[in-house]
Every structure is written in C-alpha cells, then in structure tokens.
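So the sequence lines, in the order shown, correspond to chains A and B.
Quick note: the first sequence, position 86, residue 86 per the UniProt record's numbering, numbers continuous.
Quick note: the second sequence, position 254, residue 254 per the UniProt record's numbering, numbers continuous.
Please note that the accuracy of each hint is not assured.
A pair counts as met if it fits within one copy or between any two copies, since identical chains are not told apart.
Here are the simulated SDA-like pairs of lysine to any residue, each with C-alpha atoms no more than 20 Å apart in a straight line [stated by the list, open to error]:
#1 Lys43 - Thr228
#2 Lys43 - Glu220
#3 Lys30 - Asp116
#4 Lys43 - Glu32
#5 Lys30 - Val168
#6 Lys43 - Gly205
#7 Lys43 - Leu93
#8 Lys30 - Pro90
#9 Lys30 - Asn302
#10 Lys43 - Ile112
#11 Lys30 - Glu49
#12 Lys30 - Ala95
#13 Lys30 - Ala252
#14 Lys43 - Gln82
#15 Lys30 - Leu48
#16 Lys30 - Ala138
#17 Lys30 - Ala45
#18 Lys43 - Pro94
#19 Lys43 - Ser320
#20 Lys30 - Arg52
#21 Lys30 - Ser320
#22 Lys43 - Glu230
I should point out that these hints are in silico values taken from the structure, not numbers from a laboratory.
As a plain string of letters, each chain reads:
Number of protein chains: 2
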Amino acid sequence: MAIDSGARGPAQLVLTASVARRYYLDGRSKVEIAQEFALSRFKVARLLEDARSSGLVRIEIGHPGSVDVELSDRLMSTLGLQHCVVTDTPDDLPATMRAHLGAAAADLLTEIVTPDDVLGLSWARSVSSMATALQRLAPVPVVQLTGALARPGVDDSSIDVVRDVARVAGGPAYFFYAPMSVPDAATAQALRRQPEVAQAFSRIGSVTRAVAGVGAWEPEQSTLFDATGEAERRELARQGVCAEISGVLVDADGNPVRSDLTERMIGITADQMRAVPEVIAIVYGRAKVHAVLAAVRGGMVNSLVTHSTLAELLIAAASS
Amino acid sequence: MAIDSGARGPAQLVLTASVARRYYLDGRSKVEIAQEFALSRFKVARLLEDARSSGLVRIEIGHPGSVDVELSDRLMSTLGLQHCVVTDTPDDLPATMRAHLGAAAADLLTEIVTPDDVLGLSWARSVSSMATALQRLAPVPVVQLTGALARPGVDDSSIDVVRDVARVAGGPAYFFYAPMSVPDAATAQALRRQPEVAQAFSRIGSVTRAVAGVGAWEPEQSTLFDATGEAERRELARQGVCAEISGVLVDADGNPVRSDLTERMIGITADQMRAVPEVIAIVYGRAKVHAVLAAVRGGMVNSLVTHSTLAELLIAAASS
DNA sequence: CGAAGTTCCGCTCATATGAGCGACAGTTGC
DNA sequence: GCAACTGTCGCTCATATGAGCGGAACTTCG
C-alpha cells in the first residue's frame, strides 16, 4: 500500500529527508551529518540507502535541449559505439529530420575534431545537411571518399560538400568530380587514375574520422540502390546485401559483399573504411534498423547520429 | 542562453550523462567509471560536478504521501525543533484540518513513544482529534495536564481523552474531572487537593512527552480566551499575553505572564511545562504564527505538527 | 614574438566511505 | 521457557574520495 517501504513513521520520514537533503543537496559528508544528528555514520548511510530505495530521493538525468542523453548513452553502450548523439526529433518529413540530425552531427564534429585529424566525407544527403550546418571546425584536411551520385531531377547543389567543409575548417580539400559508380570496371580504373581522384584516394589511408550515411538495400532507402539496375539490385540482394555505407556493400552480419559493382565503384573500399578509426553515420528512418546494425557489426561505422525512434528500435533489435 | 553551462558539445554532454548515470543510478564508484571510460578519477569527479551544477543531474527529495518532508525539515531547523511534521493539508474547514493533523500527530506519537516514556495530554480539540486517530501506542502512563474547558453548546464528548489514550496504550491513566479555570484562587487550591487531581499533578514532573494545542490570545483563537471575561482578557492582553499553551500564558518572547488567572488555573505551570523534555504542539491556522513562535521561543513547545501554510509563515516570520 | 593570465590536468595525502562481521534485542514457534 | 530467526547496530580495515597544489597547454595582450 504505502510506497515508502523504509519509513515507519513521520519522524523517521522527516529525519530521512533531512539527512538526504544535507547529503544530496547541501553536499555535506556523512560524517558531518552523523555528528549533527547524533547518529553513527553507518546509520546515516543506511538512512540514505533507504531514502534511495524507497523513492524518497529521486535522481533524474536529462537536459533541456534536443539531445536525449539517456538514450544516447544506452545506444552507445548497446552497440559499443565511440560516440552517439540521439535527438528527440519527431519523425516528420525526411528533410526536416535530415536538417536536425545534420545540425547535431555538425555540433559533434566541431567538438571532436582536433587539428591532428584528417576528415573524410562520403557522399550522402545527410552529410550534405551536416556541411550546411557546420560553422566551425579545426583546420584539418578534408578528403572526399566517394564519387557523387546526383539523382536525376534532384539538384542537391551539394557536390561541393568537401570544398565547403574544408573552407569552414580552413584546411586543404582533396576532392574530385566523378560519379559513385560507372558502367564498367575499365572506366572505373581509368577514373581512379585521374590526378584529383588518385590524390584524394591516396589520403584515404590517413583519414582519422569520416562522416557517412547508411542506406538500406531497398527502394528509397539508398541512393546507390535507386541508381542501380533492377537485375543487379536483385542479384546483390540475393548475395545478402543489407546495407550500403558510402558505396560499400555489406550483408546482415556486416561482412563486405564483393561483386561486379564493387569493381565499378569510385570510392573507399570496405577494408579502408574499417581502417578509419572513427566513422560517424548520420541515419534516420525506421527502415534502416537492420542496415545500421549490419554496418556497426561489420565495423564500418562506430559512431551514430540519429533520432529517438530509430535509436529505440536499434536497441530493441540489438538486444534480441 | 543554453542552460547547460558545462557541456561544450553533444559528445561532452553524452559522456557526462553516461558518467552520471553510472555513478548516480547504477551506483558504480568513480574509480570504476574512470577505468571504463579511460579517464582519470579526477576527471570523472569534475564531470560529475559539472553535471550537478549544470542541472543535467537533478536530485529531488519528496514523497508521495501527505507529509511535506522538505518543509518539515526546514521548519525543524529554523525553529530548532525536536520533531516536526508538516502536512500539505489544504486550508479548508478547521474541523477537517484538525482531523488531518490529529492523524499525523497520532502517527508521530505511535512512532516516538517508547515504553519508558510518560505521556502528558493537555485539553484541546486538536489533542482530542489525535486521540481519536490513535490506534497503537507503547504501554505508557498517561497523565492529564489541565482541567477541561467544555464550551457551552459544544459537546466534544472528549473529556475522556486521557482515558481513551491510556486504553489504547494499555497503561495507567491519571485523569480527573475539573475545569481548566475557576472563579477564584481558593476554589482552585481546593480542587488541586482533590485526590485525583493531586495524583495527576504529582506525575507531571515525570512526564517525558506531552501533546498540546497552542492558542493565540484573540477571539476564536483560544478556548481559554473565549472563556475569559472581557475585562480580564484586556488586562492580560495589556500585560503582553500572546499565546496560551495548555493554560500557560506567555508573552511574545515566550516569557510566562503571571496574573490572577494563573492562580485560578487547574493545570500544569509554565516551569513544569518547560521541564517536560518534549512538548508536541498541534497547530493550524494563519492566525497562530506569533503564538507558536512565542511558545517555541519560550521553550514551552519543542515539536510541531502543522500544515504547509502555517509552516511557511512560521519560517518567514522566524527568519525576519 | 614573449609575458601574463587562464584553464585543464593529474598528483599527494588526509579523510570519507563501504563490505562484511559479530553482538545484541525483539519475535516467533514449539 | 527456550531455541531459532530476524532485524539493527556499530566495529575493522581496505578502498574511494576530496582539497589543494604545481605543471603543462592554451589565450590574450603588448
């Protein structure tokens, strides 16, 4: 009936509360409190335990901003991430969410990038949103990790993400104009030999932090999927492709899936991506649960910027 | 602008929250946390300080019942009381408040009275309410401290408070039937020599805990005031009478006021009351602020059972 | 560029604290 | 009446913790 299991009567209750106030709010030591109330310090400790377990003292952790720190923490430890930022952005328009998460990711990047870092950027709309929101960055080199994939009819005007970010940072930019995938391996080979491309690629090994999006191998859930022919999509799906991270395809366990397409891609390879110390993915949408899990399990991604809904789903899926 | 002064970015924020959760909610030690996050224990301590001062960690003390523990604590330390129970009873009908406070006082008494105590009861409606609510009490002697003062037209049917409480306790009752005040000193003298009265009075010195009401020397604020002739009321007011506790009259500083009436009272004296180790007063109503302060200052009362409104007023008045 | 703050960090050492123990009192069941 | 049980208390001793310090990195001026 009574919720307060510890207290036997009002005097006990008030005493416990007094002790708790002095300890938790006034910051006095248990020894001091014990002296003040003529109790043993053990008694004080037991009263405080009672106060905690009976709910007389309630401790809450949270903050007034848009970051759900508790959820971020849980997601971080559940997936073993390096960094994790979960915003409580409502699940409305993709563009809105992208903007929110982009801003959150920009804040994160501003905070964690040091002058010793080398920043890699993949081509994704969420990365572009981040670039837009970015206002300050340590002076680091910025390296383009993949070719661009402009979708017909959609002008993102954001092929210059790398250049923009480098301008904010005040560091050198290693970028190139090339598509993410081409029709045949020979063309890809040729492109990779282009001076700008080759120079950017030569820097990939020294990248210390990268930002990418994660796509699920489904319609509308990956720019690369949408740009790939139907037959090839199906073939790749048959081979177990589950997620696409900056052009790198992995199956549900996070293992890279090699295929014809791999040869025709202009961009970072699976091994190179795994070698980057920190890859931050900006992801949103319920549909991407398994793709994100795959990317994390495969070691492609080790930090996340996402929203509450997906975070909860990820935790649930990872725990089962 | 930002309330969280401590955190410089989302990563810092999430880290601080994680550390705080492990420390405050999971009960891990700072050393453990330091190891887990590869920080020095000092850094952990500083993060926790930040978390506290920035409001990321909020600690509240309160409980779901009717006792306002925080206010009780503050009133207790402000007035230097032994015990204090403040309920958040709304200020409605006096009878309702009396019943609530009576129940609270009964709980308090049940809790703090030990078999070694001797209990003294004064005559007051609030004490009667307490007796009604009392359901359990250590087997102690119960001593009547004053004569009764039945008001014309009000049948309290509670002249037997002492007998009732003693029955609940299972201890001996020392009670008598006599009025609180009589028209002349000689009659008072004679009454005091009555065997029952004398026997009860002889126990007053051994009383260890007493329960009383506190009256303000104003109309409707003291049964004794209302029962006293107008001339005498005024004369006593002129002498500075501010409060009445179980028939004992004190001025605003708590000093006893001796007068004709004193000689004509049947009950405990000021000196005897001050000698009782713990006198618990049950008081309600905004009008009694100064009376209660006087009673406490004079050492007549050293524990209080009251309601939030009066408690706040008492704290405000005592602090000024 | 150099000097004077300013902030952050991790150290030492005295103190505060917790785990676990045995003593003791009150309760229960025979 | 007595024995087992239960809950409370305060102890010891190893560990956790805080106050205050000095050094290093970074800022801010001249």
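Hints, one by one, checked against the model:
no.	hint	in the structure
1	Lys43 - Thr228	neither (70 Å within a copy, 50 Å between copies)
2	Lys43 - Glu220	neither (63 Å within a copy, 45 Å between copies)
3	Lys30 - Asp116	neither (46 Å within a copy, 30 Å between copies)
4	Lys43 - Glu32	within (12 Å within a copy, 26 Å between copies)
5	Lys30 - Val168	neither (52 Å within a copy, 38 Å between copies)
6	Lys43 - Gly205	neither (60 Å within a copy, 33 Å between copies)
7	Lys43 - Leu93	neither (56 Å within a copy, 41 Å between copies)
8	Lys30 - Pro90	neither (44 Å within a copy, 35 Å between copies)
9	Lys30 - Asn302	neither (42 Å within a copy, 26 Å between copies)
10	Lys43 - Ile112	between (45 Å within a copy, 17 Å between copies)
11	Lys30 - Glu49	both (12 Å within a copy, 18 Å between copies)
12	Lys30 - Ala95	neither (53 Å within a copy, 42 Å between copies)
13	Lys30 - Ala252	neither (53 Å within a copy, 38 Å between copies)
14	Lys43 - Gln82	between (41 Å within a copy, 18 Å between copies)
15	Lys30 - Leu48	both (9 Å within a copy, 19 Å between copies)
16	Lys30 - Ala138	neither (46 Å within a copy, 32 Å between copies)
17	Lys30 - Ala45	both (7 Å within a copy, 18 Å between copies)
18	Lys43 - Pro94	neither (56 Å within a copy, 39 Å between copies)
19	Lys43 - Ser320	neither (42 Å within a copy, 35 Å between copies)
20	Lys30 - Arg52	both (15 Å within a copy, 19 Å between copies)
21	Lys30 - Ser320	neither (42 Å within a copy, 31 Å between copies)
22	Lys43 - Glu230	neither (73 Å within a copy, 54 Å between copies)
In terms of the numbered hints stated before, the structure departs from hints 1, 2, 3, 5, 6, 7, 8, 9, 12, 13, 16, 18, 19, 21, 22, listed from lowest to highest.
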